[in-house]
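Same order as they appear, the protein sequences are chains A and B. Using this note's numbering, read the first sequence as starting at 3 and increasing by one per residue. Using this note's numbering, read the second sequence as starting at 118 and increasing by one per residue.
Keep in mind that the hints are not guaranteed to be accurate.
[Unchecked claim] Calculated pairs, BS3-like style, for lysine-lysine (alpha carbon to alpha carbon, straight line, at most 27 angstroms):
1. LYS186/B / LYS14/A
2. LYS165/B / LYS172/A
3. LYS152/B / LYS165/A
[To be verified] A few chain A residues that don't get close to chain B, going by computed Cβ distances all over 12 angstroms:
4. ILE67
5. ALA102
6. ALA125
7. ILE152
8. ARG153
9. ARG157
10. ILE159
11. GLU187
12. PRO201
13. LEU229
FYI, nobody ran anything at the bench for these hints, they're computed from the structure. If you're wondering where the values come from, they're calculated on a predicted model, not measured in any experiment. Glycine included, every Cβ here is placed at the ideal spot set by N, Cα and C.
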Amino acid sequence: MTGRVIVITSGKGGVGKTTTSANIGTALAKNGYKVVLIDTDLGLRNLDLLLGLENRIVYTIVDVIEERCKLKQALVKDKKNPNLSLLAAAQTRDKTAVNAEQLKDICDKLKEKNDFVLVDCPAGIEQGFQNAVAGASEAIVVTTPEMSAIRDADRIIGLLNTKEDINSTKLLLNRVRPNLIKSNEMMSVDDVVGILEIPLLGIIPEDTGIITSTNKGEPIVNDENALAGKAYRNVAQRILGEEVPFLNLDEPKGFMAKLKNAISKLKVKV
Amino acid sequence: MGLFSDIYNTVARFFRPQEEQGEEASKSVATNRLKLVLMQDRTNLTPKILEQMRSELIDLLSRYVELDKELLELNFEQEGDQVALMLSIPVIRAKDEDEIEAAIQAHKEALLEETIDSDETDEDTEDESEDDSDEDDEIEDDGEGEEISEETEEIEASEGTEIKPKKRKKKSNVSTPDEMNSTSQENEITEQTEEEANL
Chain A
3 MTGRVIVITS
13 GKGGVGKTTT
23 SANIGTALAK
33 NGYKVVLIDT
43 DLGLRNLDLL
53 LGLENRIVYT
63 IVDVIEERCK
73 LKQALVKDKK
83 NPNLSLLAAA
93 QTRDKTAVNA
103 EQLKDICDKL
113 KEKNDFVLVD
123 CPAGIEQGFQ
133 NAVAGASEAI
143 VVTTPEMSAI
153 RDADRIIGLL
163 NTKEDINSTK
173 LLLNRVRPNL
183 IKSNEMMSVD
193 DVVGILEIPL
203 LGIIPEDTGI
213 ITSTNKGEPI
223 VNDENALAGK
233 AYRNVAQRIL
243 GEEVPFLNLD
253 EPKGFMAKLK
263 NAISKLKVKV
Chain B
118 MGLFSDIYNT
128 VARFFRPQEE
138 QGEEASKSVA
148 TNRLKLVLMQ
158 DRTNLTPKIL
168 EQMRSELIDL
178 LSRYVELDKE
188 LLELNFEQEG
198 DQVALMLSIP
208 VIRAKDEDEI
218 EAAIQAHKEA
228 LLEETIDSDE
238 TDEDTEDESE
248 DDSDEDDEIE
258 DDGEGEEISE
268 ETEEIEASEG
278 TEIKPKKRKK
288 KSNVSTPDEM
298 NSTSQENEIT
308 EQTEEEANL
């Protein structure tokens, strides 16, 4: 078996790389695929928290590289889903503890026994980024519809284009707020895609449920009712090669919003 | 009456579609700013290269029209969906055919000389991309600059960024800093051109 190694990157911090990694990983595992998540954010690990696995980490990626344990020993299995496991980052070391060659080696080993290896990349364009992309053949660039995030994403896309091993780079637009787009206060999906000029993999709406899901250490894809959860499940389906239409985010949800919408439509007709 | 209209306005505003409420759509401001900044990020047009482009353009255009070099502007601007390179050239006057002819001739010979130059001394051409300050120094050093007003010198310096090997040569040759001058051996021609230009 040769699995796919996908790096999840963004350039800018705080746009949702780790949330995206946790959710796509969980969704793929729920579909029955064997998935390993690698946290490469050495010194600033968080993927364990989002998965609720922080108390079960014994060995980290640095222990594997420095041969204090076997690769298999360092993989932490998810509580609910045995298909999903995590290779955690070391919290007490920095990015220089690992080099690109070593990370590529780990990815190569992991993809032999897994369908997907998802690499959660740290923010920035330095060593940490170079390490994270080393073993990957596909990339997901996460951005939000904000200028600074888009600019950094553009830089990352440029860098990914120079990597010969990366043969697919796709965009995941996170924290989209349809009401702001409607009022022309936020760049639309088309605006962002038009600027970055890479294929769109998914649109994730801003969802307060993300906060509670992080609090609980339970990815939002497990919440059947959450819109963001549904959007992430759709992303997973697209990664698996299915054609899933993008969510229609325009529908107002609350009663007041519906009323307001209905009346404003009436007024236009009059 | 006032109370009722207040209430009416408040209620009306609530039901109005949101896009009518905002003043200038801030997203289009963001999109335009972003396009510009990405254009600069993506290309490697550093200020230094832009300056070189500017001086080369001045050089080219000066053959045909007399420009106000100080006021010439070269900027990136947003034109609808596209990013455009905007060149604003204040023209003092158009040159007549003879002047243009002479200037083109001078330029051709300058190019020719440059080729010979670079054939002879490779180092000279390699130095081409080096800083301008060096250049200014040399002009001052050649003793010719004493009687020239600072203004003229500045013009020459900015003009000269493009064709350095020739300037370098000037050190040994007699030269007069003037608008069309960028060669050493064509002094006579260029001086003449300047005279004509001043008429």
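Check your understanding: Which earlier hints turn out false for this structure, listed by number in ascending order?
Key -> 1, 2, 7, 8, 9, 10 and 11
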